[in-house]
Amino acid sequence: MLSSLDPRIARLALPDTAPAPTPKAAFDQFETFEVFHQKKDGAAYTYVGPVHAPSADVAFLFAKEQYSRRFACTGMWVVPTSAINLTPYVGDQESVYDGVSAIVPTADAPAEPQEYAIFHLKKRGKAHTNVGLVRAASAADALYQAKLTFGEQRPVVNVWVLPWNEVLTLDPADRDIWLTTPEKKYRDAIAYKVQDRIERFKLETGTK
Amino acid sequence: MTDPKKDLLYRLADDQLILGHRNSEWNGLGPILEEDIAFSSMAQDKLGHALQLYSLLHELGEAEPDTVAFTRNAAQFHCSQLVELPIGDYAFSLMRHFLFDHAELLRFEALAASSYEPLAQVARKLKGELKYHVLHANTWIRQLGTSTEEALEKLQAALDLTLPYALGLFEKTEAEPAIIAEGLFIGEDVLRAQWLENISRVLNQTQLELPDLSAITPVGGGRHGEHTEFLQPLLDEMAEVFRLDPTADW
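From first to last, the protein sequence lines are chains A and B. Take the first sequence: its letter number 160 is residue 159 in numbering that gives the first Met the number 0, and every next letter is one higher. Take the second sequence: its letter number 214 is residue 213 in numbering that gives the first Met the number 0, and every next letter is one higher.
Next comes chain A alone, as it looks inside the complex (with noise of 0.2 Å):
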């Protein structure tokens, strides 16, 4: 049996070689969600990054964990990476709207519109930032009724287009749940001063 000092460990009376892995799958893993965060009140929803989860509601713990841990927060985002339209990227001083024009209409009847989350990058690197919505008929339609509204703005790398139906946003009512982020400074290392510590004790013992 598998003895340790730490007694949780030597609890689970594990045996002392690890068992052979047994064969996973191929892309086993859980769907992946794309979080985005707002640092304060009234700023614009960020990107952060991404979260694997088995559905979106789960996918929302991990993000709280992941993303907003440590600084101020007041809101969090989270979107199933595949509900997401991307453009092409463009040039640095370029236009994504450059190349985007009014969506031809087709034969079919027209779809019910429904509101359009539009994110924009203003540089390579930095993260997509929301500008706000747009009511549109298609993702396309989206980008253009974007590029009515917001199409003034330059640079514009890239742009994202969200179906604000797959946005999981939480009520602002409960925006409580980050009311003490900021004071758990136990989470940073810099709250951790020992060095003073550690030069008085090699002064009072005499080592060096």
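Derived from the structure by calculation, the hints contain no laboratory data. Note that the coordinates shown come from a computational prediction; the quantities given were computed from them, not determined experimentally. Even glycine gets a Cβ: it sits at the ideal position worked out from N, Cα and C. All the given hints hold, so there is nothing to weed out.
Below 30 Å or equal to it, Euclidean Cα-Cα: the simulated BS3-like pairs (lysine-lysine) are:
#, chain 1, residue 1, chain 2, residue 2
1, B, K130, B, K153
2, B, K130, A, K183
3, A, K192, B, K124
4, A, K38, B, K130
5, A, K183, B, K124
One side of the interface only, derived from the structure: several residues of chain A facing chain B at Cβ under 7 Å:
#, residue
6, P6
7, R7
8, D56
9, V57
10, L60
11, F61
12, E64
13, D175
14, I176
15, L178
16, T179
Distance ranges between label pairs, derived from CB positions:
#, chain 1, residue 1, chain 2, residue 2, range
17, A, L132, B, D248, 49 to 57 Å
18, A, D170, B, P30, 25 to 33 Å
19, B, P117, A, L85, 51 to 59 Å
20, A, P6, B, Q75, 16 to 24 Å
21, A, M0, B, P30, 20 to 28 Å
22, B, G60, A, D173, 32 to 40 Å
23, B, A62, A, L11, 31 to 39 Å
24, B, A111, A, R186, 21 to 29 Å
25, B, A74, A, P6, 18 to 26 Å
26, B, F241, A, L11, 23 to 31 Å
27, B, Q206, A, F26, 27 to 35 Å
28, B, E148, A, K121, 47 to 55 Å
Mind docking chain B on chain A? Use the hints.
Below, chain B without anything else, positioned relative to chain A:
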């Protein structure tokens, strides 16, 4: 114990400390990394809650928080027996978390209006954290409570096992009439009714079945210092480092 404030604070703080310590035992051993981090963070929150409550006790003349936390024996603790049970499998720990934190959130929401203003302030500040703990518990109970046969079997067994102990959360002490009369807290009976409504609402969204409560005898005793065989070993383990040098400055 006669002071109703101290009676109330000790029960609150001891529950948080012991469950915080128990849940911290999952650190590094959780089912998946993200969940391990989430569960450990909440365990840490609970230790923080205990510290705030022990600090209020200190203001009322009790010993320093560390002394109170690390030097008492099991018989001097006022925690419910629910929180001291070993972590078991993850289904058990998750179910205990669900049943406990639903009660705790309601407790803190009620305490936010307590006539004892220092406690009301602590409750107003911390209830957001408890709201998240409940969100976390609800999410997993809904997710797993509507999933595979194995998950349902494990969670149902955990619910059946945990419920009598969870009902012990609402065990009253001699101070109960004074606590209600002085407006410190709404009282255990009102809390229990609200709790039952809230957990039922979530369980109804799953394939899990809430056993008939009238057929269950609550496991009490904890509020009066009667504990399971599991509490003293937990206290010994928790205080092992502290007792090496009780005067050390951490």
